[in-house]
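Letter by letter, the chains look like this.
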Amino acid sequence: MVNFAKTGVKKMDIGRRNFITSKQYMTFLISAQVGVGAITLPNRLAVSVGHDGWIAVIFGGIISASLSTLSVKLMERYKDKNLFEINSLSYGKFFGTALNLLVILYSFLKCSITLGFFVQTVHTTALKLTPAIILAAVLAAPAIYLSWYGLKPMCRFASVIFVIIFLEFFLFTLRFGEFKTVFLMPVGIFKIPKMARAIFSTSYTFLSSSILTIIYTEITDKKNALKYSLTSNVITTLFILISTAFTIGLFGENMLKHIIFPLYEVATTYNVPVLERIDLWFLSIWFPALSMSFGLYFFIIYYSIGKVFKKTNSSASKSSPNKAKKSIFNMNTVSLLVLSIFIVLFSIIPNNFSDVRKYIIILDYIGNPLIFGPLIFNYILSFFKKPALH
Amino acid sequence: MKKVLILFIVISLTLSGCWDQKIFEKTGFTLMESVEKSKTGDDLLITSTIPAIGAKDTYGIEMFTTSADSLMEGRENRNRMASKRTEAGKLQQILFSDEIAKKGIHNLLEIFNRLAEESSIAFVIVTEGSPLEIIQKSTDFKDIPGPALYISQLTKNAVKDLCAPNTMIYNFNIDYFAPGIDPVTPLIKLKGNHIEVEGSALFSGDRMVGKLDAQKSSLLLGMMGKHKDKEFSYTVPMPEKEKTEDKLGISMIECKRKVDVELQDGKPSANISLYYEGVIEEFKWNKLSDIKKQNEIQDYLDVSIKKDCMEIIKYLQKVGSDPIGIGEIVRAKYYGYFKNADWKDVYKSIPFNVDVKVDIKQYGIID
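Protein chains in written order, with the working numbering: chain A, 2 to 391; chain B, 2 to 368.
Okay, chain B solo, but in the shape it has when bound (with noise of 0.2 Å):
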């Protein structure tokens, strides 16, 4: 027994893995791939970096950009190129165009949920404009990490800030087939020597249907009730009473929402009550220890914020989103009406109501 025990193990250590070995050193870790249309327009353009180890640049990356009319056939003539057999596994981010996002992603992004190999949380990003540009541009950045790891703490950043969603592959799916929610994602582009993120692009099913600024974003997030340990600075004109051009300036530290939703009359409605916690941030000289000057601000951005929810929502009617999750709500509630409607037809024109409370925590440490 002792002698095929000796056996075992040395089979185990001499030959398990030696199919899968995969060398470190012979590996390129592509970070982030992008998808854009061609300008042929019949097939896709794929772009993708991996860091140049040993580069005579420090920040040196390879960037190959190939025709293929799949991710996977990329992929392929990427590897044909690369100096390194390249793996996915640490992708930071997948771009995609608008112009791509608008036809319907989620059959791109099934290669990252098949293979155990791929990374699924991953950044999922729609570009305005052309992604190749983006990346392009930013390796003319002498200052940052590569354009990989820049734009990927860009969006970090930007998620906590509120401005944009958090949205890696797995979140994009689970939304994508839940048959009341809609995907959202962070929207980027390139505005004169910079990378900006401008906000969040919204989907219907899997296609870019709107997009939504960072300030609008912010509350959308707030919402969808994504507002966790994050906070965001909400910037409103000041109060006619005031009389001066100046700004608002306020950072949401805390947000409570709860959504209702009620079938009356074989009609759904829906209450969302969002409860805030902020600190001045930005005013002007004047005194704010006066309770009746906060509470006039309270009201104030109290209208305000309710204002802006109301347009966003009745945007998302518009172009047929519904990140927020209602068409959830009212299958968890009403599934029998649920599926028996057309809900896609029936969210466009739901009554909506925004309750806002704004609680100012602190003012700051002038008077």
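Next up, chain A with everything else stripped away, as it sits in the complex (with noise of 0.2 Å):
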């Protein structure tokens, strides 16, 4: 918990609307990775393992549990600081820096991809003729206008996902009757590489789980973090493992590999008395949850930015509150303004959702090695920098 005596009073009007408790973030967490994971993962998984892209998805989900369990075990060990914090003691100043600029760099991407999948997901699906810089604009809104007002206005919007599952999984019922079980089978036929790829494929979704590292000082019960951490990640994967499964099962995996968004096209599938066609409701209620995807990492580019200016004005703070306040508010809106106009610029580069596809795949490769090496290594270190804690 963040210590207010000691930061000030500025730090405590700033850091109030960033406090959440273990189960917002369990629902943050759970939105964020469900909008853009399940959307179209079973397709990119029925590509590499065929009818076994089941299994990938809870391989996928133990690594992501894996990864939780790391960082709130890394975090423990720090107490107050976060992972920009924890890199500059593990690796000097220097190296230090250029770690956490490269982690600001790489979520600046995640966050231009994640708009672009989603401006993409709309222009294909529903406006077509709508310039891509206008959806960007358009759909970036909320998130931007959440992330103005903190992390917990956040993590109160993103609960709808809640709603989302529940229709989905009503959906999945209604459309129970077309499924094959034949198309989930033989198990296990899959090519150890082909399967390292499908596994690999599911870290877009999964590897968000290491956001704890930046958040965790925003956590206020965080006995607690660890147990809701994992509750997410059991849900997440329960539910993109029910969702894979169910439109292989529906589908079949070679027309699978045909169907970018599975989930959008279990909607099409669906004939509704009366109203006919369902698939634009279904896109409707997914939007929050894409916007959330969006959203997370939106805003630990936006908190990260915050944590770098702290220092200036705490330090302004000292010498003239007033000033500090107004300064505070200045950065802040400068920051959300500047940040926000360059991730609908760099959103819009991906021309179609196959461009899109290929920027997720470097994505991933540059996202593997960035959070997890660092996380092993700074855990590790955690043991032989003992004094340099606290």
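Keep in mind the hints are simulated off the structure, nothing from the lab. The C-beta atom is built at its ideal place from N, Cα and C for all residues, glycine as well. Certain hints may be false.
Unchecked claim - No farther apart than 30 Å at their CA atoms in a straight line, the calculated lysine-lysine pairs in the DSS-like style are these:
| no. | chain 1 | residue 1 | chain 2 | residue 2 |
| --- | --- | --- | --- | --- |
| 1 | B | K349 | B | K104 |
| 2 | B | K4 | A | K153 |
| 3 | A | K181 | B | K217 |
| 4 | B | K334 | A | K258 |
| 5 | B | K334 | A | K192 |
| 6 | A | K181 | B | K319 |
| 7 | B | K340 | A | K181 |
| 8 | A | K181 | B | K257 |
| 9 | B | K103 | A | K258 |
Claimed, not checked - Now the stretches of chain A that chain B is said to cover, found in silico as 3 or more residues with beta-carbon under 8 Å:
| no. | segment |
| --- | --- |
| 10 | 124–134 |
| 11 | 184–193 |
| 12 | 272–279 |
Reassemble the complex: the two chains are provided individually, in unrelated frames, and hints are given to aid placement.
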């Protein structure tokens, strides 16, 4: 927990709107992972390992749980420090700062691609003539707005994911009559290199478990962090597992390889009396989840930038509290606006969904070593750098 | 910040959606499309109908027929003729002539999956003869709500009565892509002054290879496991013992099926067990409360349905169509064998057995 007495009034004002409980963190993480992960992952897995795609989700979930556990364990050793501070402690000022900038850059690219994913999803399925820049600005607006108000309102908004999950299961129930178990069989005929590639492709979804290391200091009930972190992994893994298995059982692996948005396609196959098609309804209920996936990375970058400027503000607050208050407001506003503009501009670089997928694969190659490597090293180093702690 | 937010809201409300705006009144909803070979045989003859709202004729339709090399080209031609910009998102069915169906239709269905605004829940129907002729004929029917809705309703009724399979575009694609199942679609034809659902068109891959009449389609759907929440009427000649040329009619209200596939000495064999529950609908003025008589009728129906099912399976094997999905079960159970075998070839010669048990639950309200 942040010590307000030491950090001053200003920090408390900013910090309060970011304070969340472990349960809120869980909701936020589920929303972020499910939104961008579940809607296309079954297709990517079918391309890699056919009808065994659901096995890759289990492995991905286990890796995600390990990542969560490692993140919590690391943060427990460093208490009130965040990842950026730990990196500086572990690798020295120069390498630590370089690594921190890399993490921020990676988050920035992932955030842009996630928004690009969102834009192309809407472009492909609903608004094909609307310019991408307009779509990007409009779709990004809710997450940017929530980021301005802090982590807590974002987490509250993220609760809508449970309604989405419920409606998705309801849709699965309605389509269950056409589910064919034989499409999921025989089990386990994958080749190990292909399965490894499939597990790797789940990382776009599951790597976000590591954001705990950045926002850990904002969690008020840290003793529950591990419990809820793992619970979020279980819920996300189960949902994506069921979605993957269901879409394989409904479409069969060969057709699934051709379907970019399998969950959306499930909705297109249901004929509702009178209304007939419900695919656009489905899409509109999925928007908040996609928005939260983007919102998570947007907030992380925004928050990280805030941390970088923190020192300047806290020194300013000592000399002139009122001036500091104004400075913080301006700094936050400017950084939010500049960040929003850059992310919106970067998000429209991919011209179509194939481009988005290409960039996602590249980001997976960057993200896995960048997240896992320092995390493991930091944890090991924490045993040798004990005096530097606290 | 508030100013920025207001700007965002204004931009959102004023700009988004303008580009993709579609005015309902200015849109013509294509409800039916049909594809057949043109008379020259070089290209496709594509017909589509859209409701003509406000036409002099209350149930008026706009009908467009155009020659084109592809469905998309046909639609572009249509747009140059129609009074409104047409959209196919509410398509009810797409009709293919049997001539086209025999050459393969899968690529013609691609457009419905590639574009999100297209409907993949439209029926895929094969017509015996020219679909254009069927559509033109149905425009003469003055007591129906337009040909598209009429054919749609006809097909829905046939699906409900198990006379035809419930095959929509996505169903066709799923079965086409599955290595061990073949698609099957409703088959309609023009009969005198009416359009009739004849039964099912059988496919091997995406090529039509055969057809079944309505009663056999019902039994096939039972063997496919599609007899759920539906009933069909099965009619057979009376048992010889009854010494009459009248018919015995039974309504099958429920069917449970089980398919077992075994691989023995490197050769697969299949056994299909069917359990029917039925209600006697037509017999003769004889007493049916006698248990012995009831058992005799049940045994007679067991044999009769088994005979029909075996005939259907032999026909399916002969034409090389596997709508039951035996291949899919073999793939799931004996993957190594399926991978190395030429399934289409093996399927034609595998031994089948069908066990049928009919349980008559009701005998009507006369004795």
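Hint check:
Restraint check: the Cα-Cα separation between K349/B and K104/B comes to about 21 Å, which is no more than 30 Å; the hinted pair holds. In summary, the hint linking K4/B to K153/A is supported, as the alpha carbons are separated by about 23 Å, within the 30 Å threshold. Taking the CA atoms of K181/A and K217/B, the gap is near 24 Å; set against the 30 Å cutoff, the hint holds. With a CA separation close to 22 Å, the supplied pair K334/B and K258/A stays within the 30 Å bound.
The straight-line distance between the Cα atoms of K334/B and K192/A is roughly 19 Å, inside the 30 Å bound, and the hint therefore holds. Only pairs whose Cα atoms come within 30 Å are accepted, and K181/A paired with K319/B is accepted, the gap being roughly 26 Å. A hinted pair counts as satisfied when its Cα atoms are at most 30 Å apart, and K340/B with K181/A qualifies at roughly 20 Å. Proposed proximity of K181/A and K257/B is supported: the alpha carbons are some 16 Å apart, at most 30 Å.
Between K103/B and K258/A the CA atoms are separated by roughly 26 Å; this keeps the pair inside 30 Å, and the hint holds. Coverage of the segment 124–134 of chain A by chain B holds [criterion: at least 3 residues with CB-CB distance below 8 Å; count 8]. Counting residues of the segment 184–193 of chain A whose C-beta sits closer than 8 Å to any C-beta of chain B gives 4, which meets the bar of three, so the coverage hint holds. Under the rule that three or more residues need a Cβ within less than 8 Å of chain B, the assignment of the segment 272–279 of chain A holds, with 3 such residues.
In summary, the structure agrees with every hint in the numbered list given earlier.
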